Amino acid sequence: MRLGELARAIGVAFDGEDGEIEGIGTLKHATAKQLSFLENPKYLKDLAATKAAAVLVSPKYADAVPEGTVALVDEEPYLKLAMASAFFAPEPMRSEGKEPAIGEGSVVAEGVAFGKDVTVGRNVTIMPGCYIGDDVTIGDGTLIHPNVTIYHGCTIGARCIIHAGTVIGSDGYGFAHTKEGKHVKLHQLGNVVVEDDVEIGANCAIDRGTIDSTVIKEGAKLDNLVHVAHNCEIGEYSLITGQVGLSGSTKLGRNVVMGGQSGTAGHLEIGPFATIAARGGVTKSIEGGRVYAGFPLMEHKKWLRLNAMLSRLLEKKN
Amino acid sequence: MRLGELARAIGVAFDGEDGEIEGIGTLKHATAKQLSFLENPKYLKDLAATKAAAVLVSPKYADAVPEGTVALVDEEPYLKLAMASAFFAPEPMRSEGKEPAIGEGSVVAEGVAFGKDVTVGRNVTIMPGCYIGDDVTIGDGTLIHPNVTIYHGCTIGARCIIHAGTVIGSDGYGFAHTKEGKHVKLHQLGNVVVEDDVEIGANCAIDRGTIDSTVIKEGAKLDNLVHVAHNCEIGEYSLITGQVGLSGSTKLGRNVVMGGQSGTAGHLEIGPFATIAARGGVTKSIEGGRVYAGFPLMEHKKWLRLNAMLSRLLEKKN
Amino acid sequence: MRLGELARAIGVAFDGEDGEIEGIGTLKHATAKQLSFLENPKYLKDLAATKAAAVLVSPKYADAVPEGTVALVDEEPYLKLAMASAFFAPEPMRSEGKEPAIGEGSVVAEGVAFGKDVTVGRNVTIMPGCYIGDDVTIGDGTLIHPNVTIYHGCTIGARCIIHAGTVIGSDGYGFAHTKEGKHVKLHQLGNVVVEDDVEIGANCAIDRGTIDSTVIKEGAKLDNLVHVAHNCEIGEYSLITGQVGLSGSTKLGRNVVMGGQSGTAGHLEIGPFATIAARGGVTKSIEGGRVYAGFPLMEHKKWLRLNAMLSRLLEKKN
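So the protein lines, in turn, are chains A, B and C. No gaps in the numbering here: position 186 of the first sequence is 185 in numbering that gives the first Met the number 0, and each next residue is one more. No gaps in the numbering here: position 111 of the second sequence is 110 in numbering that gives the first Met the number 0, and each next residue is one more. No gaps in the numbering here: position 156 of the third sequence is 155 in numbering that gives the first Met the number 0, and each next residue is one more.
Quick caveat, the hints were computed from the structure, so don't treat them as lab data. As the structure is a computational prediction, the values presented were derived from the model and not from experiment. Wrong hints could be hidden among the right ones.
Same chains, same names: a pair is fine if it fits in one copy or spans any two.
As the list claims (entries may be wrong) - Here are the computed lysine to aspartate or glutamate pairs in the DMTMM-like style, where the Cα-Cα straight-line distance is at most 25 Å:
1) Lys283 - Glu109
2) Lys41 - Asp116
3) Lys250 - Glu298
4) Lys97 - Asp133
5) Lys115 - Glu75
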C-alpha cells in the first residue's frame, strides 16, 4: 500500500515523499518500508534513530522526526495507528499457500485443521480438534493435546507440551479510544514465540504481540487457566501456576515463580529468581532473588508482619 | 404440557383451571401460557400485575396471586420451579430443522458443526472447530476464531470478533437446594445476546440467562478468561480486562472499565463510566463516573490512603 | 521394564533383586510390581509397611526400607522419580484397542474423536468437537457439551453435565527441580474420577492425579473457569463457583461452598459444610460448618470486624 493512500485512508495530512508501506514497526525496529508511531514520550529517544518510512506523531513532536522519515502529524496518533493497522492485518485464513509439511515420525490426528505454510517437526503429536494456523512452526518432539488453537505466525519449540483447550496467539487487548468513548481495534500484528521444553497447562490464553513477539522462554512451565497478555516475556525456567494473569508488556527474568492467582500490572519487570506468593499483585518493577506477597506487593516478610499486626489490632479493639 | 400434568409431575397440589403451558417466565414478562414463580419478596409488586397462567408461591403469598392466575402453592416454590424447568429445556441437539443459512461472502471452515435453523450473515468467517448451536444468529462481518462454542438460541451481532476457545451461552450456575443438601438444576432457558462491534477474548465463558437474556452491549470489549454469569448486562463500550468475573444479574452501565482479576458480587449495578481498578471486588451497587479499588471496594483514593496508613502503622510497630 | 534397567536409565545404583516393574505407586498403595518413593518424611510411617518392589529414598532413610523391598538410594529421589515416571506414561493416543462401545439411546455427534477402549453408557449425548481419550468411561444419561476434552483413563459418572471447553484429566503441575534450576516433568499417571450427578461449567480445567485419582464426588457442582489441581478431592454436593482455584491435594468435605474467585493452598482439608466467601484464600486446614473470608483466611465475622476497624482507623487518621 502506498503511504499517500494510507494517509488518506486514515485521514492524516500527507505531503512527504510517497512510497510503498508493507507494515508497522516500533520506532526501534521499523524498516524503511514500515510505518511507525510515537505514543509514549519515553520512546522519544528512539525517534531520532528510526529508519521508519513514516511516523505518526502529535504536533508537539513533529519537529523531532528525523530527516528521511515522513512525519504524519495528528492530534490522535495512536487512534490513527489503530486505523492504519487494519490495512496490515492478514486475512484470518489464507486461501493460498502450501499444505503442511509434517516431519518424520509425527502423528497428526484425523480432523486436525491446518492453515497454509505450516511446518511441523519430527515426532510431533497433534491430537484431535486442534487448529494450527497459517505459517505456524512446531519443533521436534512436541505434544499438542486436543482442542488447542495456535493462531497464524506463532512458533512452538521442540519438546513442548501444550494441554487441551489452550489458545496461543489470540489478539492482545489493544484499542485506541475515540473522544466519544468508542474503541478502535489496534490489529495485533506480532506473534507468540514459545521456546523449547516449555509446558503450558489447560485452557490458558497467550496473546500475540502487538507488533513484535510475546515470548515464553526455554523450560518455562505454565499451569492451567493462565492469562499472558501481549508483549510479555516469561524468562527461562519460570514457574507460572494456576490462574496467574500477566498484564501487557511485563517481563519476567529467568526462574521467576508466580503463585496461584497472582498477577501483575503491565509494563514492568520482575527480576530473575523472584518469587511471588499466591495472590500477590505486582504493581511495579521488582528486584529478583526475593520473595514477595500481598496486594499491593511487598516483601513476604513484611506481609506476614502486616497480617500479624492487623490481628493484634483487631483483638485489642474488641 | 398441561398445567395439571406439570403440577402433578412436580408434586404440587392443583385445583385451578387447566391449560397448556409452553414455558417459564418472570412475573413481569410471563405470557398467559407460561408458568411463573415468586421467590424473592422484592418481586411481590410484580405479582399483582402478572399475566402468567400459574405462579409457584409459598403459602404466605398465595392470597396475593391475582385472579385469572393459578396459585401453585408449595413450601419450596423455587425447588418446584427447578423441577418444572426440566420440562421446558430443549434437547441439546435438535434433530429436526433447517440447515444453516449462510450469507454471501461468508467463509465457513470445513468441520464447523452447526445445529438447526442457524442464520449466518454476510462476510462472516467461522474458523475450524467451532460449534454453532440451534437457532443461533450471527451478524454481518463477524469473525469467529477456532474452537468457539455458541450454545443454542444465542445471537451475535455484526462486526464482532470472538477469540478461540470462548464459550457463549453455557448454562448459568442455577440450582435449588433440597433440605438434604442436594442441588436440583434450574434449567437455564434464556440466551446470550451479543450486540454489534463486540470483541471477546480467548477462553471466556458467558452464561445464558436463566429465563431472559445475558446481554453484552454494543462496542464492549472483553479480554481473555472472563467469566460472565447468567443475566448480566454489560453496557455499551465497557472494557472488561483479563480474568474478570461477574456474578449473576450484575448490570454495568456504558463505558465501565474493570481492571484485571477484578470481580463483582451478584444482583448489583455499576454506574456508567465507573472504573474498577485491578483486583477490585465490587460488593454493592456503585455510582458511575468514579474510580474504585480494593476488596471490599472503596474509592481508589481511599484505597491508596488505606495502604499508606497500613505502611506507616507497620513501620511504627516495628 | 526390569528394575535393574530402570535404575540404570535414571542413574541410580542398584544391587538388589531384579524383577519386572509395571508402574509407580505411593508407599501405601504400591504393588509388588511397582516402584515407590519417599519424598516427604511425613510418609515415613508408610515406608515400613510398603509392598513396593523398590523405593527411591535419600541416604538418610535407606535403612528404613523394609526387607523384600529394594532401596534405590539417591541424593535426589524425587528427581529420579520424575525421570522414572517417563517410562510409565502411556503414549498420548494408543494405536491399538477397541473402538468405543456406545450404549443404547446415546447420541454422538459427527466428528467427535474417540481414543481406544472407550465405554459410553446409555442415553449419553456427546456434542461436536469433543475428544474422549483412551479407556475413558462415561455413565448413563450424561451430557457432554461441545469441545470438551477428556484425557485417557478418566471416568465420568451418570447424569453428569459437562459444559463446553472444559478439560478433564490434563496433567497436574508436577516437576522435580534440578540444581541448575531446570524442571523435570513428573509424568502424571493418575486419572480423574467424576462421580454421578456432577455438573461442571465451561472452560474449567481438572487435572488428573499424580499417581492416584483427582475425585469430584457425587452431586458436586462447579461453575465456569474453575481450576482443580492434581489429587484434589471435592466432597459430595459441594458448590464451587466461578474462577475458584484449588491447589494440589486439597480435600473438601461434603457440601463445602466456595465463593467466586476464592482459592486454596495445597495439601489441606476443608471440613464439611464450610463456606468460603468470595475471594477467600484458604491457607491451612479449616473446620467445617463455619463461614470464612479474607486472605489470609479468617472467620467471616472477624473479616467484617477487620474491615470496619480499618475504615474507622482511616477516618481517624485523616
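Hints and how they fare:
1. Within a single copy, lysine 283 and glutamate 109 get their C-alpha atoms no closer than 47 Å, and across copies no closer than 46 Å, so neither meets the 25 Å cut-off.
2. For the homomeric pair lysine 41 and aspartate 116, neither the shortest alpha-carbon distance inside one copy (38 Å) nor that between copies (54 Å) is at most 25 Å.
3. With identical chains, the CA atoms of lysine 250 and glutamate 298 are at most 25 Å apart within one copy only, with a shortest distance of 19 Å there and 30 Å across copies.
4. Taking the closest pair of Cα atoms, lysine 97 and aspartate 133 come within 25 Å of each other only inside a single copy of the chain (10 Å); across copies the shortest separation is 33 Å, beyond that limit.
5. Neither within a single protomer nor between protomers do lysine 115 and glutamate 75 lie at most 25 Å apart by alpha-carbon distance, with minima of 37 Å and 46 Å respectively.
This entry does not satisfy hints 1, 2 and 5, going by the numbered hints stated previously.
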